[in-house]
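Under the UniProt record's numbering, the residue at position 21 of the sequence shown is numbered 21, and the numbers go up by one with no gaps.
It is possible that part of the hints are untrue.
[Said to hold, decoys possible] If you anchor each label on the Cβ, the simulated ranges turn out as follows:
| no. | residue 1 | residue 2 | range |
| --- | --- | --- | --- |
| 1 | Gly17 | Glu74 | 30 to 40 Å |
| 2 | Met64 | Gly30 | 16 to 26 Å |
| 3 | Tyr79 | His19 | 33 to 43 Å |
| 4 | Asp9 | Gly84 | 33 to 43 Å |
| 5 | Pro66 | Ser36 | 31 to 41 Å |
| 6 | Pro66 | Asn38 | 22 to 32 Å |
| 7 | Asp14 | Met71 | 15 to 25 Å |
| 8 | Gly17 | Asn38 | 16 to 26 Å |
| 9 | Asn38 | Ile15 | 10 to 20 Å |
| 10 | Ser54 | Glu16 | 34 to 44 Å |
| 11 | Glu16 | Ser36 | 18 to 28 Å |
| 12 | Gly84 | Thr43 | 35 to 45 Å |
| 13 | Glu74 | Ala5 | 28 to 38 Å |
Note that these hints are calculated values from the structure, not bench results.
All C-beta atoms in this analysis are idealised placements derived from N, C-alpha and C, irrespective of residue type, glycine included.
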Amino acid sequence: MSWQAYVDDHLLCDIEGQHLSAAAIVGHDGSVWAQSENFPEGTGGITIKKTGMSLIIGIYDEPMTPGQCNMVVERLGDYLIEQGF
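Take these sequences, add in the hints, and give me the full structure.
Here it is as structure tokens:
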């Protein structure tokens, strides 16, 4: 099965009349393996930090830079890890 089929057939499937508005599968190196036709494009981005018990998610648009978003998300994530979360 192709990566695109995983997006089209599994991530965008109908669940009780509902479905995701967009989906993608991306490699750890940032390369896009497959994405829905309407996957958002633009100059912004997202940073996700995994802690022991949570995911911290930051979404940004320009003029914020990826590094600035990373700093904000990482700072809180590191604090929560120190606190046992």
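Hint check:
| no. | hint | in the structure |
| --- | --- | --- |
| 1 | Gly17 / Glu74: 30 to 40 Å | 38 Å, holds |
| 2 | Met64 / Gly30: 16 to 26 Å | 18 Å, holds |
| 3 | Tyr79 / His19: 33 to 43 Å | 36 Å, holds |
| 4 | Asp9 / Gly84: 33 to 43 Å | 40 Å, holds |
| 5 | Pro66 / Ser36: 31 to 41 Å | 23 Å, violated |
| 6 | Pro66 / Asn38: 22 to 32 Å | 23 Å, holds |
| 7 | Asp14 / Met71: 15 to 25 Å | 39 Å, violated |
| 8 | Gly17 / Asn38: 16 to 26 Å | 19 Å, holds |
| 9 | Asn38 / Ile15: 10 to 20 Å | 18 Å, holds |
| 10 | Ser54 / Glu16: 34 to 44 Å | 27 Å, violated |
| 11 | Glu16 / Ser36: 18 to 28 Å | 20 Å, holds |
| 12 | Gly84 / Thr43: 35 to 45 Å | 37 Å, holds |
| 13 | Glu74 / Ala5: 28 to 38 Å | 35 Å, holds |
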